[in-house]
Amino acid sequence: MRFTPRIRILLIGAITVGVAIPATLDAQRQNRPVVVASKPFGESYLLAEMFSQLLESRGFSVERRPGLGATEIAFGALRTDAIDAYPEYTGTGLVAILHDTLPDSIMADPRAVFAHVARRFADLYHVRWLPPLGFQNTYAIAVTRSAANRYRLRTLSDLARESPHLTAGFTADFIGRSDGLVGLSRVYGLRPRAVRPLASAVKYQALAAGAVDVIDGYSTDGLLARYDLVTLVDDKHFFPPYEAAALVSGRLDSQMPSAIAALALLSGRLDETTMRQLNRRVEVDGEDVKKVASDELIALGLVGGNAVRGARGIPSAQHSGFWKYLWDRRTTLAALTVRHLELVALALLAAVIVAVPLGLGLERTRRIAEPTIGALGVLQTIPSIALLAFMIPLLGVGIVPALVALWLYALYPIARGTYTGVRDADPDAVAAAEALGTTPTQRLLWVRLPLAAPVIMAGIRTAAVITVGAATLAAFIGAGGLGEPIVAGLALADTRMILSGALPAAALALAVDGVLAIVELLVAPAHRRTRLWQRRTEGAEAATTSPETAPISTRQ
Amino acid sequence: MPISLAARNVSHRFGNVVALDDVSIDVDAGRATALVGESGSGKTTLLRCFNRLVEPEHGQVMVGDQDVRTQSPVLLRRGIGYVQQHGGLLPHWRVLRNVALVPTLQHMPDSADAARRALELVGLPSAQFGSRFPHELSGGQRQRVAMARSIAARPGVILLDEPFGALDAISRAELQESFDNLRHDLTVTTLLVTHALAEAGRLAEEVVVMRKGRIEQRGSRRDLIRAPATDYVARLIERARAGLEALRA
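Protein chains in written order, with my numbering: chain D, 1 to 556; chain L, 1 to 249.
Any given hint could be a false lead.
[Stated by the list, open to error] Here are a few chain L residues that sit away from chain D, every Cβ distance over 10 angstroms (derived from the structure):
#1 GLN60
#2 ARG116
#3 LEU121
#4 ALA146
#5 GLN176
#6 ARG183
#7 ARG202
#8 GLU216
[What the hints assert, rightly or not] A few chain D residues facing chain L, derived, Cβ under 8 angstroms:
#9 GLY268
#10 ASP271
#11 ALA435
#12 GLY437
Don't read these hints as lab results, they were simulated from the structure.
As the structure is a prediction and not an experimental result, all values here were calculated from the model.
Where is the CB? At the ideal position from N, CA and C, for every residue including glycine.
All chains should be built: construct the whole structure from the sequences, respecting the hints.
In structure tokens, the structure reads:
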């Protein structure tokens with residue numbers, strides 16, 4: 001009898017949920033933002049922005065994750081439904097993801113390659129290639145005109161012949177890919193004297209400055225023309241076709257067919273000439289990606305003239321003064337700074353909550369203290385970007401994996417500071433407190449923690465500064481923050497944009513360090529504070545309280 | 001109320017090192033006994049058995065008429081005064097708060113008053129010294145504060161572990177004198193560890209000479225001088241005397 005009302009409620013609840021769930025799910029499908037990402041180079045940014053604006057013009061809300069990461073990261077995120085769409089190239093899918101080799105007859109036919117790749121992706125990963133956008137962006141192995149003349153370079157075979165004299169500057173992606181340096185070495189026998197991994201954004205400058213002799217570019221790159229470079233002919237037809245297309249997640253495909261339909265509107269609409277012009281506007285003229293994307297969508301008749309929010313009023317990056325540039329972007333930068341601080345504060349708070357008790361616990365079990373802290377120290381040696389990449393399969397992209405990674409980095413300095421501080425806190429005082437009948441908790445709260453506070457605080461301070469720096473990398477997995485303009489600026493070869501993230505980040509690190517320095521003073525044990533005060537005021541009081549002037553001789 | 005102390009057939013080892021080898025001593029209530037020996041003789045280990053800082057492997061340790069093992073270490077220690085070589089004052093607490101530690105732990109309602117009285121007893125007026133931090137005192141003053149801390153809650157027994165060991169000769173002599181006065185005023189049972197036979201003889205009614213974890217001889221200073229039980233004791237006395245002669249010459 002007692003359970004009857006409860007059961008009734010449960011039944012009603014179950015029925016309500018049963019009726020409501022399909023309806024709400026449908027509503028959620030419509031309300032859920034479509035997550036659009038890009039790889040970290042200009043064209044990918046531009047295409048992702050076009051996808052985003054196109055979706056927005058059709059009433060979808062869009063979450064942008066520009067410059068998410070190289071193929072591995074972007075595709076990993078798509079596979080796990082952490083993102084919904086990003087621009088990809090069929091050749092990359094074929095070689096870098098599927099690791100397939102096709103007969104030359106098929107390789108020569110872009111349509112056949114697309115069909116193969118689309119079928120295999122659907123079978124293996126349940127992700128969908130939308131029909132190609134209409135242009136190919138193949139690798140363009142480029143040298144300066146003077147080098148081409150000096151070494152008589154026209155084809156990749158020529159390059160292979162001269163390669164022992166040449167230094168290559170390739171993107172990390174290209175160096176590791178089987179359709180990159182690995183394959184070039186195998187097919188052409190390319191053996192450069194040295195290979196320097198370079199970010200996309202700097203390789204053109206490095207080539208122009210003579211730091212490297214040969215780089216990997218993209219055939220639609222806006223920068224190829226700017227630096228007057230010679231693209232070498234792929235005389236052995238090594239590179240597969242690289243048709244650009246939207247790659248969409250299985251979830252988007254099954255849940256939001258109307259979004260797929262919207263994205264498909266771009267299929268076949270962008271030819272190579274158009275794309276090269278658009279890339280040039282972004283990479284050479286420094287025009288805003290949003291503006292270029294909206295101009296093209298309007299020109300294609302895909303969106304109305306005023307459909308795009310925020311596209312207007314953003315000045316061109318390259319042609320105004322730096323401070324004006326910063327000023328014009330103040331609201332964006334302020335928002336990014338707030339997001340950055342949120343990331344740092346949350347990660348740091350979580351690290352303090354875990355690492356301080358951990359340090360205290362280790363002080364009680366010293367046998368495992370050094371191995372444990374050592375293990376946390378090993379985490380510090382993992383490059384931030386690698387740690388962030390590890391997080392994607394586990395936690396997807398966005399804020400959560402970034403917080404976890406930052407949290408892991410912050411643990412070591414705090415745990416180390418707490419352990420050392422508490423362990424080394426005035427052993428005589430601790431021993432006396434024990435001998436006089438204090439409990440372990442009283443010793444901790446009255447003696448050890450107050451005396452260890454400055455060392456613990458120093459650990460927290462170190463962790464905070466590390467976290468402010470590492471948080472800039474969180475932008476690579478779409479967590480936002482001041483890393484966003486850095487990542488975008490690197491991809492677009494826009495120094496101002498990089499600085500607009502890097503300078504506030506550096507200022508933030510200094511500010512956080514300064515604030516915590518004050519906190520460190522405030523938590524110093526009472527006798528240290530007094531000393532500091534006396535040092536500042538000097539004066540008569542210090543003299544009367546010094547041991548020499550208040551000796552025991554008063555009793556003689 | 002002074003309390004008696006007793007150790008019966010106490011043995012203890014640290015790893016393979018024998019610290020105490022079947023040691024027995026008695027200290028009658030209100031009396032003072034000094035444990036004398038070189039480092040490694042086991043004197044400090046024996047002292048620390050009485051407030052359970054060391055738990056001996058064998059034997060029985062009594063404080064009053066109770067085996068220490070029947071009492072919680074924390075409560076036991078609150079009833080026993082303790083002074084160590086380097087005072088062990090809490091550096092971030094002012095003198096008065098340091099001295100009021102045990103009264104506070106015992107929830108005495110007038111713990112600050114108890115601390116003030118204890119400071120007066122060791123010759124440090126609380127008005128002048130109570131609000132200083134330990135680092136604002138001389139070494140001798142710090143040791144006085146440690147002594148005040150040990151008596152503030154009026155324990156029946158005080159354990160002192162080389163309390164004058166780190167002081168210069170003049171401070172030491174002054175502190176010894178005020179300790180002697182204090183002990184008689186308070187009628188407290190005292191167990192004192194020292195490596196100096198002269199100090200032991202001056203401050204304690206009974207002297208226990210220890211060596212390698214065993215007792216060589218126990219008795220009054222007079223007993224020891226008149227009839228040293230072993231060569232070691234005789235040499236110890238000889239050395240103390242030689243020091244004194246050298247000073248007179």
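Right, here's what the structure says about each hint:
{"no.": "1", "hint": "GLN60", "result": "21 angstroms, holds"}
{"no.": "2", "hint": "ARG116", "result": "18 angstroms, holds"}
{"no.": "3", "hint": "LEU121", "result": "13 angstroms, holds"}
{"no.": "4", "hint": "ALA146", "result": "7 angstroms, violated"}
{"no.": "5", "hint": "GLN176", "result": "12 angstroms, holds"}
{"no.": "6", "hint": "ARG183", "result": "17 angstroms, holds"}
{"no.": "7", "hint": "ARG202", "result": "19 angstroms, holds"}
{"no.": "8", "hint": "GLU216", "result": "27 angstroms, holds"}
{"no.": "9", "hint": "GLY268", "result": "76 angstroms, violated"}
{"no.": "10", "hint": "ASP271", "result": "75 angstroms, violated"}
{"no.": "11", "hint": "ALA435", "result": "4 angstroms, holds"}
{"no.": "12", "hint": "GLY437", "result": "3 angstroms, holds"}
The structure fails to meet hints 4, 9 and 10 from the earlier list, while all remaining hints are met.
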